[in-house]
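J.: Just so you know, the sequences run in chain order R and F.
Under our numbering, the residues of the first sequence are numbered 1 to 115, in order.
Under our numbering, the residues of the second sequence are numbered 116 to 228, in order.
Calculated from the structure, these hints are not laboratory results.
All C-beta atoms, glycine included, are put in the ideal place defined by N, C-alpha and C.
Hints may contain errors.
[Claimed, not checked] Among the chain F residues that face chain R by a calculated CB cut under 10 Å, a handful are:
1) GLN153
2) LYS157
3) GLY158
4) GLN166
5) THR189
6) TYR191
7) GLY198
8) GLY208
9) VAL210
10) GLY213
11) THR217
12) PHE218
13) GLY219
14) VAL224
15) LEU225
16) VAL226
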Amino acid sequence: DARVTQTPRHKVTEMGQEVTMRCQPILGHNTVFWYRQTMMQGLELLAYFRNRAPLDDSGMPKDRFSAEMPDATLATLKIQPSEPRDSAVYFCASGRTGPDGNTIYFGEGSWLTVV
Amino acid sequence: KQEVTQIPAALSVPEGENLVLNCSFTDSAIYNLQWFRQDPGKGLTSLLLIQSSQREQTSGRLNASLDKSSGRSTLYIAASQPGDSATYLCASGEVAAGNKLTFGGGTRVLVKP
């Protein structure tokens with residue numbers, strides 16, 4: 001079964017520390033998304049890539065967050081420095097563009113707690 | 116800007132009853148509609164995708180309809196089971212933006228044995 005793989009699954013870190021989350025999209029998918037889920041805000045889009053190029057990162061706090069795709073098999077989301085309000089579940093998702101859109105598949109999430 | 120709403124936020128039904136979950140969206144332009152299931156502490160599992168040119172999709176006990184003129188989608192789950200207890204999320208996908216999804220707040224479903 002092809003799946004989106006995310007690491008780490010769980011992370012507890014102290015405020016001010018750097019956090020890097022990694023995502024391996026499904027082989028052959030050319031769009032990659034980063035979402036954040038909190039109880040208050042629900043699911044919010046942070047950034048997305050098409051063919052490794054960043055298309056929209058307007059949902060991401062630029063002063064501390066950065067997202068990259070070093071190659072087609074790896075997407076990263078970095079927070080530096082981390083703050084308690086960044087505590088959330090971060091989901092990576094991937095899909096394949098087509099004339100009428102295609103199913104988007106989500107990873108299991110990276111559960112981040114910043115203390 | 117697309118806005119997606121799911122009402123009610125929570126729903127409780129006895130086992131065997133049919134479930135009807137509602138999703139509304141503000142912009143019916145070139146969007147598809149995807150339904151997901153999320154179990155506590157887990158990721159999102161895709162249930163059904165309705166392409167923008169389609170009216171409905173079916174998979175087993177699940178049927179989802181899309182009415183772009185009214186800005187609504189409905190997910191029907193026939194003969195509900197306790198295992199159907201989960202949060203169900205709908206998302207509008209912007210096809211021109213690589214299927215970028217805008218999510219509703221979800222409906223938390225409890226099916227009582």
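J.: Please name the hints from earlier in the document that this structure breaks, with their numbers sorted from lowest to highest.
T.: Violated hints (numbers, rising): 5, 6, 7, 14, 15 and 16; every other hint is consistent with the structure.
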